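Got chain U sorted already, so can you dock chain Z onto it with the hints?
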Amino acid sequence: MNRLVRGDVMSQEYASAPAGAHAGTQATATGTAHDGAAHTGASVVSFESVTKNYGNLRAVDGLSLNLWPGETVALLGPNGAGKSTSLDMLLALRKPTGGRIRMFGSDPYHAIKSGRVGAMLQSGGLMPEVTVRELVTLVAGLHPRPIPVETTLKRAGIAGFADQRVDRLSGGQTQRVRFALAIAGDSELIVLDEPTTAMDVETRRLFWANMKVEVAEGRTLLFATHYLEEADQAADRILVINRGRLLADGTPAEIKARAGAKRLSFRLDPVDEPFLLGLPGLVNLEVRHDLVQIQSTDSDATLYALLDAGYRPREIEVGSLGLEQAFLAITAEDDRANGDAHTGEAV
Amino acid sequence: MQGTLLLTKAEIIRLRRNRRFLIFTIALPVVLYLIFAKQKATAYGVSFEAFYMVGMASFGAFSGAFNNNTIRISQERKDGWIRQLRLTPLPANAYVVAKIISSMVTTVPSIVIVLLLGRFYAGVHLEAWKWVAIGVTIWLGTLIFAALAVAVGYTFNPDSVQPVALVIYFFFVIFGGLWFPLSGGLKKFGEFTPTYQVVRISTDVVGSGAVSVAAVVGIAVWLVIFLSLATVAVRATAETV
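Sequence lines, in order, name chains U and Z.
This note's numbering numbers the first residue of the first sequence as 1 and each following residue consecutively.
This note's numbering numbers the first residue of the second sequence as 1001 and each following residue consecutively.
Bear in mind the hints are in silico, worked out from the structure with no lab data behind them.
Accuracy of the hints is not assured; some may be wrong.
[Said to hold, decoys possible] The list that follows gives simulated cross-link-like pairs (lysine-lysine, DSS-like), each with its CA atoms no further than 30 angstroms apart:
#: 1; chain 1: U; residue 1: K95; chain 2: Z; residue 2: K1078
#: 2; chain 1: Z; residue 1: K1009; chain 2: U; residue 2: K154
#: 3; chain 1: Z; residue 1: K1078; chain 2: U; residue 2: K113
#: 4; chain 1: Z; residue 1: K1009; chain 2: U; residue 2: K113
[Said to hold, decoys possible] Per the computed footprint, the stretches of chain U lying under chain Z, defined by three or more beta-carbons under 8 angstroms from a beta-carbon of chain Z, are:
#: 5; stretch: 86-100
#: 6; stretch: 135-147
Nothing here was measured: the structure is a model prediction, and the numbers come from that model.
In this text, a Cβ means the ideal position worked out from N, Cα and C, and glycines have one as well.
So that you can see chain Z by itself, here it is in the shape it has in the complex:
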């Protein structure tokens, strides 16, 4: 476990140095929020400011956990860094565990900053437990996307991973309604995405405080699916990594 933590620490150092990572997880959601948050509208039964706060926090967390990890994992698999780690006393799963933990650590600031903007810039007022609940919900969503990133990173080579990751990324961003609220047919379709469910649980907390059981079950199902895919992908490469 100590070795896994050392690796996690190194991963966090790397992420902090990565400008692309900082732009997509922190700068972009913050800028978008400052530009678009203040609108006289409602979405999913809450004010637009509150919806957009949840959307942007999820967007930053999703970008941080997914975008960056897929490409890195694929590249590090090809470069042989994963092989090199297998020659050390690190437990076999340490690489994947360190990626997921480091993602979950580094997405915290982006979630917190957007929530702070919601409170102090856009004037969203919530009870204390609701702030905690939406923060934790979005943060746990990071786990789902990190698992997906592992599955994709282990399945595709560096040549093909970028377009694949981009398609998956925009699919979940747009059909999950992270940038704008879904309605009509788009909503019927997008309701199934994990990104939508993270947003929906959070806006339910903001609004009525009563969370839809379907969304919670849906998110659990996605977590199981992505973790299974990740496990299968990692196992499939056990001989070639």
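Here chain U stands alone, though its shape is the one from the complex:
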């Protein structure tokens, strides 16, 4: 079968049907929204109440989730949220303190040793003193059914410097070589930890274009990222984790809705706070003098209720929250609930 032709046909399907397959209409913090009836067949990855302690520090705290075949899933969380630890456990580099991780129905170690996973870690290094082509050839040869080396080089955009030595590449080039190693084995599951770090904007765009071809071939992709717009554009499902727990699990649209996806602001004199707090759809309220700012899941309903009650606000502005604000709102809420003032300084 001609891979590229198949990829082209399927990438349209990928583009048009990201979210529809999922069961959840409302994102939940438990990760159960995506389980069960909507998915036929077995999950690619499952975490069952997974915990990981480093001494007294609990890095991952009862994480439960499933990844389904063909999904592109983004893992989002602030630094120290437990993303890397979770990926390390998934890739059998660390053992969970409690709970169970399954991959393709077996333990992660055996799934990896059978060549069903391709991964790119931030902490993954390359062998120096060999050329890019030699390295890709080596790693391809370790997998049972590799993609032809020249194809991998082309897809990763590294054919142009395939004969250079690995230790003489720039940061962005190195990152693309790492990506090549993750796809060289034609694996069913691809795991990428912050794949586009050190890439410039143009390279990043190319990277995701190539990635869509990979995913269109039916692969499952899990990636952690710093760039929220990347999660928004590339993923059909986002997992938000903070303090080692899953806070939200849904499509980018659902995640935004959960945080109150619309921002509504107006001036009102006098301000009746108890009334405003009772408005439908309201998620968050901020009042400064006569200026009112509201985050709402349904800005229309919020505004109509306000007008119906006889108020005549001035300077009405309605805007959308980006994923970034949604993300910050979700993690900040969690941090407040845990009595910690230090919030979303980094993602």
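Same frame as chain U, now just chain Z:
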């Protein structure tokens, strides 16, 4: 196993490109031998030419298996190359096995070249089986030093591994009597080193042909010790590599 061999092949390609490796394992022993071999003396009951041939062959093999591997293993552990390999279908021990096999392959030329120099430059004459026996003895010594290199490389970070490796290296070179034969108190002390034992078994073969049981037992003990240390060091890093 096929994957391990592919990795071994890549390791050998790397070593062949590494100038430092070639200088220490081949060039240096050859040059030293050409300069110092021809002396009217004896050591350990054999001619100096024969002793120095054994010493330099062991020196090259030891350098090749130890010096180079410690620093690389430590660096590759830090860089995450070992982690990357763990994400492939390679068996867990493949990295270490490939390092040891590639060392044993790449030290062969250095041993052979020095032995050839001994025969055709310095005129050492031995029965055929003795050539084979000393070649194999020194070659098997490589295994011991490669195991030690694994232990050291897995234990120390790149910042500290270089001085540590250097100290161990010169300790075994000097107190093993690779550069000059040991005598007196130095010998009493150095007799315990694996490098001395490799040289001693070889010179015993050259001389009487009768090998001291103590040296063979000693070398086996060192092999067990270094392999155990290597295993412990590799296991200790299983969660952090």
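A quick look at each hint next to the structure:
At roughly 20 angstroms between alpha-carbon atoms, U/K95 and Z/K1078 fall within 30 angstroms of each other, so this suggested pair holds. A distance of roughly 25 angstroms separates the Cα atoms of Z/K1009 and U/K154; the hinted pair therefore holds under the 30 angstroms criterion. About 23 angstroms separates the Cα atoms of Z/K1078 and U/K113, which keeps this hinted pair within 30 angstroms; it holds. A distance of roughly 20 angstroms separates the Cα atoms of Z/K1009 and U/K113; the hinted pair therefore holds under the 30 angstroms criterion.
With a cut-off of 8 angstroms between beta carbons, the stretch 86-100 of chain U has 5 residues touching chain Z; three or more are needed, and the interface restraint holds. Judged by the Cβ-Cβ criterion of 8 angstroms, the stretch 135-147 of chain U is covered by chain Z as claimed, because 7 of its residues qualify and three suffice.
In this structure, every one of the numbered hints holds.
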